[in-house]
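Just so you know, numbering that gives the first Met the number 0 puts 79 at position 80 of the sequence shown, and the rest follows in order with no gaps.
It is worth saying that the hints were derived from the structure and are not from the lab.
Incorrect hints may appear among the rest.
[Unchecked claim] Calculated lysine-lysine pairs in the DSSO-like style (CA-CA distance at most 30 Å, straight line):
# : residue 1 : residue 2
1 : K352      : K81
2 : K352      : K292
3 : K352      : K281
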Amino acid sequence: MGLRTPLYARHVALGARMVDFGGWDMPLHYGSQLEEHHAVRRSAGMFDVSHMRVVDLEGARTREFLSELLANDVGALVAPGKALYSCMLNEAGGVLDDLIVYYRDAAHFRLVVNAGTADTDVAWIRARAPAFTVVVRERRELALIAVQGPQARAQAAALLPAPDGVAALALPRFAGCALPASGPDHFIARTGYTGEDGFELMLPAERAVPFWDALLAAGVRPCGLGARDTLRLEAGMNLYGHDMDAHTTPLESGLDWTVAFGAGRAFVGRAALEAQRAAGVKRRLVGLVLEDKGVLRDQQRVLVAGLGAGEVTSGSWSPTLERSIALARVPAATPARVQVEVRGRLLEARVVKPPFVRDGRARVAL
Numbered sequence: 000m001g002l003r004t005p006l007y008a009r010h011v012a013l014g015a016r017m018v019d020f021g022g023w024d025m026p027l028h029y030g031s032q033l034e035e036h037h038a039v040r041r042s043a044g045m046f047d048v049s050h051m052r053v054v055d056l057e058g059a060r061t062r063e064f065l066s067e068l069l070a071n072d073v074g075a076l077v078a079p080g081k082a083l084y085s086c087m088l089n090e091a092g093g094v095l096d097d098l099i100v101y102y103r104d105a106a107h108f109r110l111v112v113n114a115g116t117a118d119t120d121v122a123w124i125r126a127r128a129p130a131f132t133v134v135v136r137e138r139r140e141l142a143l144i145a146v147q148g149p150q151a152r153a154q155a156a157a158l159l160p161a162p163d164g165v166a167a168l169a170l171p172r173f174a175g176c177a178l179p180a181s182g183p184d185h186f187i188a189r190t191g192y193t194g195e196d197g198f199e200l201m202l203p204a205e206r207a208v209p210f211w212d213a214l215l216a217a218g219v220r221p222c223g224l225g226a227r228d229t230l231r232l233e234a235g236m237n238l239y240g241h242d243m244d245a246h247t248t249p250l251e252s253g254l255d256w257t258v259a260f261g262a263g264r265a266f267v268g269r270a271a272l273e274a275q276r277a278a279g280v281k282r283r284l285v286g287l288v289l290e291d292k293g294v295l296r297d298q299q300r301v302l303v304a305g306l307g308a309g310e311v312t313s314g315s316w317s318p319t320l321e322r323s324i325a326l327a328r329v330p331a332a333t334p335a336r337v338q339v340e341v342r343g344r345l346l347e348a349r350v351v352k353p354p355f356v357r358d359g360r361a362r363v364a365l
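The task is simple: from the sequences and hints, build the whole structure.
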């Protein structure tokens with residue numbers, strides 16, 4: 000038996016197919032992964048993401064600490080609630096995790112880290128926090144529910160007390176706020192992992208089931224890990240352990256935009272990234288659209304004429320585009336067309352710049 004979120008019993012009652020995901024018992028789907036995917040693209044779906052870890056950092060020097068800890072620049076966070084996506088690197092420039100940091104106030108920042116790396120993330124952070132007199136608090140008592148899709152914000156906000164609903168609807172993208180009328184430790188952010196608009200709600204574990212049931216009654220469809228993966232792939236969003244890890248850098252993982260070299264910050268991994276950039280990055284992450292019949296899957300070889308080979312890091316059938324797509328790490332000079340080895344056959348694929356789909360619309364030529 001794996002770890003269970005506060006919503007585990009609800010998933011079982013709804014007929015979810017449960018699978019192990021990084022040590023957690025999580026829903027893969029509730030009967031139709033395809034219908035769940037389309038629900039998010041066309042209306043609204045909800046995901047239990049309580050396996051992810053909320054970590055609060057407190058202290059007068061927290062911003063200074065995060066400036067050293069993260070590759071992106073927390074100095075850009077000046078408005079309370081504003082969020083920033085960043086990688087946390089090791090000294091070799093490898094990605095320990097990708098995470099979101101929220102600015103609460105001058106002495107209080109919040110991180111949301113991935114489930115599979117949460118324990119090592121927290122250990123890494125705790126080892127460095129004392130030098131800045133920063134207090135690290137894991138918020139394991141909080142549950143997280145993501146509500147995503149073109150109708151998601153309206154449907155979720157309608158279930159909140161009026162003042163909180165108004166505040167939630169006023170949030171700009173990539174920002175969050177507390178929900179005082181809902182009760183202590185309620186926080187909502189206009190963020191997500193699907194390429195659609197929506198909210199991610201953090202709330203006390205004992206409040207998770209009532210809110211989930213209210214969403215269900217309002218017509219929001221429960222969605223599992225399967226739809227979450229096809230949605231994030233269509234949106235061109237990296238998955239830790241597939242598209243980047245501790246042995247790959249942001250510069251070769253399509254995440255160079257998250258590295259803030261300006262202002263001379265001495266963040267962990269900077270020296271390694273500067274050396275890699277000076278020598279020339281040898282590999283890059285690209286999008287692939289398969290032009291022959293077949294399905295792209297992780298770890299398939301990508302053959303690049305005259306340059307060698309790369310590998311599919313994430314591949315799947317795209318329900319929205321109705322064709323197979325992938326992210327792949329390939330030689331930096333890879334041209335516009337490649338071949339992918341699928342079950343002993345070489346299939347033609349076109350190199351594109353992700354995202355494939357965003358806000359319900361195709362973003363690549365078909």
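Exercise for the section: Mind listing which of the numbered hints don't hold for this structure, in increasing order? Expected result: Violated hints: none at all, because every hint is consistent with the structure.
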